[in-house]
Structure formats: structure tokens, C-alpha cells
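Protein chains in written order, with the working numbering: chain F, 1 to 155; chain V, 1001 to 1212.
FYI, nobody ran anything at the bench for these hints, they're computed from the structure. Careful, some of the hints might be misleading.
[What the hints assert, rightly or not] Straight-line Cα separation of at most 35 Å, DSBU-like style, residue types lysine-lysine; simulated pairs:
{"#": "1", "chain 1": "V", "residue 1": "K1111", "chain 2": "F", "residue 2": "K146"}
{"#": "2", "chain 1": "F", "residue 1": "K146", "chain 2": "V", "residue 2": "K1203"}
{"#": "3", "chain 1": "F", "residue 1": "K114", "chain 2": "V", "residue 2": "K1111"}
[As the list claims (entries may be wrong)] Where chain F lies over chain V, by a calculated footprint (3+ residues, C-beta under 8 Å):
{"#": "4", "region": "1046-1057"}
{"#": "5", "region": "1198-1209"}
[Stated by the list, open to error] Short derived list, chain V residues pointing at chain F, Cβ under 8 Å:
{"#": "6", "residue": "S1012"}
{"#": "7", "residue": "N1015"}
{"#": "8", "residue": "I1019"}
{"#": "9", "residue": "A1038"}
{"#": "10", "residue": "P1062"}
{"#": "11", "residue": "W1066"}
{"#": "12", "residue": "A1133"}
{"#": "13", "residue": "Y1160"}
{"#": "14", "residue": "L1181"}
{"#": "15", "residue": "L1194"}
From a predicted model like this one, the values you see are computed outputs, not experimental measurements. All C-beta atoms, glycine included, are put in the ideal place defined by N, C-alpha and C.
Chain by chain, the residues run as shown.
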Amino acid sequence: MAYPELRHPFDETPIHAEGQTTVLYQGNTIRLDETGSGDGLLIRPEDLSRVNGFELKPEGACYEAMCIPLNDRFFVERDGRQWFDLIAFADLLEQPYVADEEDRVWSFGEIPAKRESMMVDAMAPDFEVTDRQGNVVRMSDFRGRKALIVTWSSW
Amino acid sequence: MPVWQRILEDISDPNFVIISAAEDTGGEAVAGPIFDAANPTYVQVVDENHIISSAFHFVNVPSAAWVNEEGRIVRIDEGTYAKLHEIGDGDQKFQFGTDAYAPAVKDWAAKGAASEYVQPPDAVTGNIRELSADQKRADAAFVLGNLFRQHGRKEKAERYWNLARSLNPDSINFFRQNLTLSEEGSAGETFLKLRDEYVRQGKDYYRPLDLK
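Chain V extracted, bound-state conformation (with noise of 0.2 Å):
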């Protein structure tokens, strides 16, 4: 999140804003924290019912779209990481995300449509997600579930995130939300599994940064 608002103050410009959407149904307990610790000047939301991955047809984080003054897309759904990261030590050493994405999102900030990460509209709708009737109604059956978390309600909140899971199973954001509120966590055994057997069946864990 630091690297965000370092970004949002590089560009310094006042036509240019960051909207950090936080997909945790752990609410502002668990992203509260993290994104105080960024000091943002930006827009923070902690989207607990993932309205705004729904609204583009996100389903991983970090993904992110760049929407230009007239409110057209002119790029989307890539694994966004500010920075490359590494993290673990020797043979465990792994890294994800790049240091190419804030110099591109900076490129835009300043040249604007001239910018040559900006992409024709036929590209962007190329890369937007087609989502299947079922996929769709995977949204509605997640938000119920939070519904009846927030009431208390646990078995029914649990079926409907259950059901939400199986009417999209590409939804890393639905599985991964769940992990995370367990005790094996989003990032052990059973998330391994899946991110591998995603990559099996030749499905983007996250689509490719198309940067020159």
C-alpha cells in the first residue's frame, strides 16, 4: 500500500486518483490496519461484498483498471503489483509482480491517451471477462452469504458462500476469501492446490502484464 500513495505523490497531479478497493468480507478489522500504515491520501474502500471486482469482472487481487477522463477503459484485469516482490530465501525464494507497472501507470498519468500503455477499446473489451449466467449469480449468492454472516447466521452464510464458490469456480477472490477466514489461511495446502490445478487446466492465475 506504501508504494500506492508513493506513486499517487510521484504523479502528483490532481486529475489523477487512486480508488484502493480492499475485497475483504474481514472488513476494516483486517484492511484497516494495512492501509493505515500506507498513510493514503487516496480513496480507500473496504468493499467487504467484492461490489467492485464484480463491477469488472475481476477475479483475483490485485487487479486493477485505468479509466480515462471520459470514464472509458483503457486497460484491465492484470495482476497489478506496484513493485516486483520477493519473498522466502534460497530454493524458496519466489517472486511475483513487477517494477514495470508503476512506470506505466505513470507514463498514462502524464501523456494520457498519447501514452503507449494505452490500450484501443476493442483491446480492452477483448480482456474484459465474459461471465457466464452462472458466474453472475455467483455475485448475488456471495453477498447473501455476507448478509447472513453479519446476522449472525452462520450455516446460512456458509451455504451461500458454498453456493457462490460453485457457481464460479475461477473465482480465486470466493476461495481465497474463504481460506482466510479459516485456520488453515488463504496461502496453505489447499490454496496451493488450487492455484495449481488453475494453472493445469491452462486458466490465468492472473492474465500477463502486456507491457512493452
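For reference, chain F alone in the conformation it holds in the complex (with noise of 0.2 Å):
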């Protein structure tokens, strides 16, 4: 199949309102208002739970059952105010990201512990689409019945 004519048929709009940050995570587009100044992405710490799941808590920051204990080189002072370190986290978890610094956008691939169990007892993955009747899907809604995923496309 050929569909040049749909290869880049958008035209130019901004990605975010000026002053914003861009996070990409498992087809979530979430916008920052704020970040910290200067190189990598310092986010405020109330926005870690918007942006990857993860709760901050006194035991460290925690998805489901998994808590990642946290020490202070996570929190940064910068402007009088605190954030929090995302790519430091990002790193620690060895969660693979790409970034484009110029337009503040930052695309994360998975965490690699929430992939953990499918590798190792066969638990099929979590994810989170939208159907074409504008419903969030997710794997786990479907248990209790058994479910065939299949991936096809028009090319």
C-alpha cells in the first residue's frame, strides 16, 4: 500500500503553549506548565504520578507494589523551589527516553521493572490504547475472559 500523500499532511501547530514541557509515555501525551531550569527534565514533584504512575511516598516513589527507595539526589534545589529529577529516575530504572531539548519534548520508553513479569512468568504487559469508539482500553480489563490481541495494518 501507498499513502504518500498521508505521510505529513498536518499542518504546523505548536506542540505545547510557550513555557510548557511535553512528556510522551506509553500513549499518553502529558503537558508540564513548569519545570526546572537548566539541562534535563526537573519536574515539579506533584506531577511524577501524571507523568509515569509512580506515587511519591516516605518510603520512595512507588508503582502498585513496587516502591524505589529515593535519596536526596533526586530532589533538587533550583529557583528557590524543589523538583524533582526525572532523567536521574529515568536512569535509575533504566528506562529508555529520547529527547528533544529544543522543543522540550521528551518521549519515555517503558519502565523496564513493569515489563519484568511478562519476561519472566508469561504475565501478559498492561497498556493503555484508545478504540475508534473513543474507549480506554486496557489489557487488564479484560481479565476473567480470555483475550486474543492482534496486531494487523493496512500496508
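Can you join these two chains into the complex? Each is in its own frame, and there are hints to help.
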């Protein structure tokens, strides 16, 4: 199949409002109104759960049953405020990412620890996509039923 | 696509679902009409960012995973055509797919864990592709390219699509996705060369179906 007319059909539009930063993760596009100045990606601690589902708790950064202990290096003082160093956290978790710092967009791949159960005991990875009717579809929605997941393409 | 709908209707079990994902950056414009032609009642996803392929470490389409009631994968990552297909005539005739896959799916739907087609966890994990750090990073690059495309930023879209391809050269998905949005299309000379090279290197263009 050939759809050259669909290669770049979109008009140029801003990726985000001035001053914002965009994070891509698991199919979600998260706009951050504030980030710390300088290199890397310093986010407000309260934005962490929006970005990757981890909650900051006294025992560390926690996602479901997993808690990652954190030390001071993840919390950066800048411009009189405290920020969370998301890149240090990604590096700790060996989470892949690609950044376009010029446009302030950070795209993150999956956190390996979230995929461990697939590689070790064949548990299906959870994913979140939107179906053609606009419903959010997650793998976990189908617990209790047999699910055949089939990928295909027009090409 | 109509074949999957027929399989779903034949099985006719509310505890069996099909989630069909079009790994198409071209989006609804290209995948939508194909879905519609099947009058499907199964779950339909136009997965422009290839999120489902990324989740299951698929590198080609069609691919599938069977997931049981507990959320455990019991088969994964096979060239998943629902029936035998033939294209061309005479010396140019080309066959792909098999009529053996649909009966296997139906057997699993009926018998569950007792189905002879269910694989044990160690066989399943052995069939899940291990990805290198670069290959995992490729998914992030591809999604970044798609974001720039959606905002009309051609140069950066191409840059990150190319990065994705260079980070994961084993991904037929990235390669053909790129071709399908070109004048040459996804099944031209460039594709044939890649497929031949892929096979020459001993890689499975599709992992063989392990059906008795």
C-alpha cells in the first residue's frame, strides 16, 4: 500500500503552549506547565504520578507493589524550589528515552520493571490505548476472559 | 478482518474477546475503512504509535498474543493470518498464512488450559523477543516522530522515525510503516530487498507457527 499523501498531511501547530514541556509515555501526552531550569528534566514532585504513575511516598517512589527508595540526589533545589529529577529516575530504572530539548519534548519508553512479569512468568503487559469509539482500553480490562490480541496494518 | 469477525461469531462466547489493533501511523484514514468493511463487533484500535506491538515486543504484523483469564500469555508472537491467502497467478502465485490458525484459536476458546495449543510459561517467555537497550529506545523515538508529524514538523518527524529505524533495524513494523507513507509503498522493491536480507541473515520474518 502507498499513502504518500498521508506522510505529512498536517499543518504546523504548536506542540504546547509557550513555557510548557511535553512528556510522552505509554501513549499519553502530558503537558507540564512548569519545569526546572537547566539541562535535563526537572519536574514538580507532584507531577510525577501524572507522568509515569509513580507516587512519592515516605518509602520512595511507588507504583502498585513496587517502591523505589530515593535519596537526596533525585530532589534538586533550583530557583528557590524543589524539583524531582525525572531523568535521574529514568536512568535508575533503566527506562529508555529520547529527548528533543529544543522543543522541550521528552519521549519515554517502557519502564523495564513494569515488563519483568512478562519476561519472567508470561504475565501480559498492561497497556492503555483508545478504541475507535473513544473508549480507553487496557489489557487489565479483560481479566476473567480469554483475550486474543491481534495486530495488523493496512500495509 | 471479516475472518476474525467470523471466528468471533463462531466462538460466540462472552468470555472470549478479540482486540484488533491496526499498527498504522496513517491512522483512521487508512485503517478505518478496512475495519468498517468487516462490520466488527470486536474491540478495534487504531494504534498509530504501535503501543501494542511495543508492549508485546512484536516486530511485524500480523502478530498475536493469547491471554488467558488470569492475564497470562499462553501463546505469542507468531505470523498470525486467520486463513491461507493466495495472491498472484501462475509462477507469480504467492501463498501466506494457514488455515490451521483459526481452528487452534477456537480450540483454545472452548477448552482453555486443556487446549493442546496452550503453551507453558517457559515456552511462552522463550518466544518473547528480548530487546536490547537500543531497541527499547527505538519505541520512544518512533512516538516522538509521530508527535512531530501530528504537529506538521516534517523534518523532525523524519529525523526521529529514522532514529527509530536505526535503533531497531529488526522492526519490520517501523520499516514498512515508513514505506507505506512513501510513493513506493510498503510492498515495492525496497521492501523485497529488506525481506530478502532479513531472511538471508537467518532472522524470522515471521516466527514459524508451532501448530501440530
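Here is how each hint holds up against the structure:
no., hint, result
1, V:K1111 x F:K146, "11 Å, holds"
2, F:K146 x V:K1203, "30 Å, holds"
3, F:K114 x V:K1111, "30 Å, holds"
4, 1046-1057, "holds (count 9)"
5, 1198-1209, "violated (count 0)"
6, S1012, "13 Å, violated"
7, N1015, "5 Å, holds"
8, I1019, "5 Å, holds"
9, A1038, "11 Å, violated"
10, P1062, "5 Å, holds"
11, W1066, "6 Å, holds"
12, A1133, "6 Å, holds"
13, Y1160, "7 Å, holds"
14, L1181, "4 Å, holds"
15, L1194, "13 Å, violated"
Hints 5, 6, 9, 15 from the list above are not met by this structure, while the remaining hints are.
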